[in-house]
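Let's have the full structure, built from the sequences with the hints guiding it.
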Amino acid sequence: MATEGQIVRLLAQQEEPPKTISRGVLVRTALADLYTVVDGPVGPVHVSFTPLGVSSIVPTEDEEKFLADHERRVGRNAYPGDLPGKLADRLNRVFDTGRLGNLPVDLRQLTEFQRQVLDTTASIPPGEVRPYGWVAREMGSERAVRAVGSALARNPVPIAIPCHRVIRSDGELGNYAFGTPLKRTLLEHEGMTEFAEKTYSGCTSTGIFCFVTCRHARRVAQKNRVEFANPQQARAAGFRACKVCRPG
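Each position in the sequence shown, counted from 1, maps to that position plus 325 in the numbering used here.
In case anyone wonders, no lab produced these hints; they're calculated from the structure. Check each hint, because a few of them may be wrong.
[To be verified] Under the rule of at most 27 Å between Cα atoms (straight-line distance), these lysine-lysine pairs were calculated in the BS3-like manner:
{"no.": "1", "residue 1": "K523", "residue 2": "K548"}
{"no.": "2", "residue 1": "K568", "residue 2": "K523"}
{"no.": "3", "residue 1": "K548", "residue 2": "K568"}
Take a look at the structure:
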C-alpha cells in the first residue's frame, strides 16, 4: 500500500486527486481543506485550514458563497471540520490584535510575487493605511502598482493579512474583494473614522512628514501640523520622511 508521502508525490503531478483516495488522506496530506465558521472582528467568517495553516478566510456566514470563493482562490476541495484548538487560539489573537503574529497560513497556490505582496501588506499596523504604491516600493518593485492591486484582490486570507489597509494614493479607499463598505467597516473597527483628502502630513517642529495615519503623525499637535498631497511636495517644503512609516 502506498504511503501518504508517496501519494503526495503522485498527486503533485496531477491536476485532480484520484477519486479512490479517501477524504481523510486528502485532508491529512493538505490536498484538501477543512472549514468552519467563527466570529471575526466585524461578524461571522468562514475559515478553511490544512495541516500547513489557515488557507482562506471569507467574511460571510453563507456556506455556498464561501465554497465558491474558496474554489476560486484556493482551488482545492473543502469539507466541514473542527478548527484545532491551537490554531483557533492563534486566529482569535489575530482578530483581537489586528496583527498576523505567529498564525501559520497556507498560501502555496500563490506565486512568489503574490506572497511577497502579502508579506509586505502584513507589516501594516492596525489603525494605519498605506497606498498601493507603498507596497510596491517596499518590495523593490516601484512600477508594479497594478500588479500589487491584482495580488491583493487574490488574497485568500483577508483580515489576517490586512489588504483592507491598502488604499489609493489620493486617500480614497479603493476596491476591496468583499466590497468597499466592508473595507470601511474594518478600518472603522480599528479606530479610523475619517479619511483625509491629503495622504501625508508633516510636523513643523521636527521637520518630518508621515502618512496621515502613522501613529507618530497622530501625536502631532494641530498647531504644528501641515498637510501635503505627495512626498515630493513635502520634500520641496524641506521635510524629511519618517523612518517608521517610510512614506516615500
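Each hint tested on the structure:
Of the pairs offered as hints, the one joining K523 and K548 holds, with about 17 Å between alpha carbons and a cut-off of 27 Å not exceeded. Between K568 and K523, the direct Cα distance comes to roughly 20 Å. Compliance with the 27 Å bound is thereby established for this hinted pair. Annotation: proposed proximity of K548 to K568 holds, straight-line Cα distance about 22 Å (limit 27 Å).
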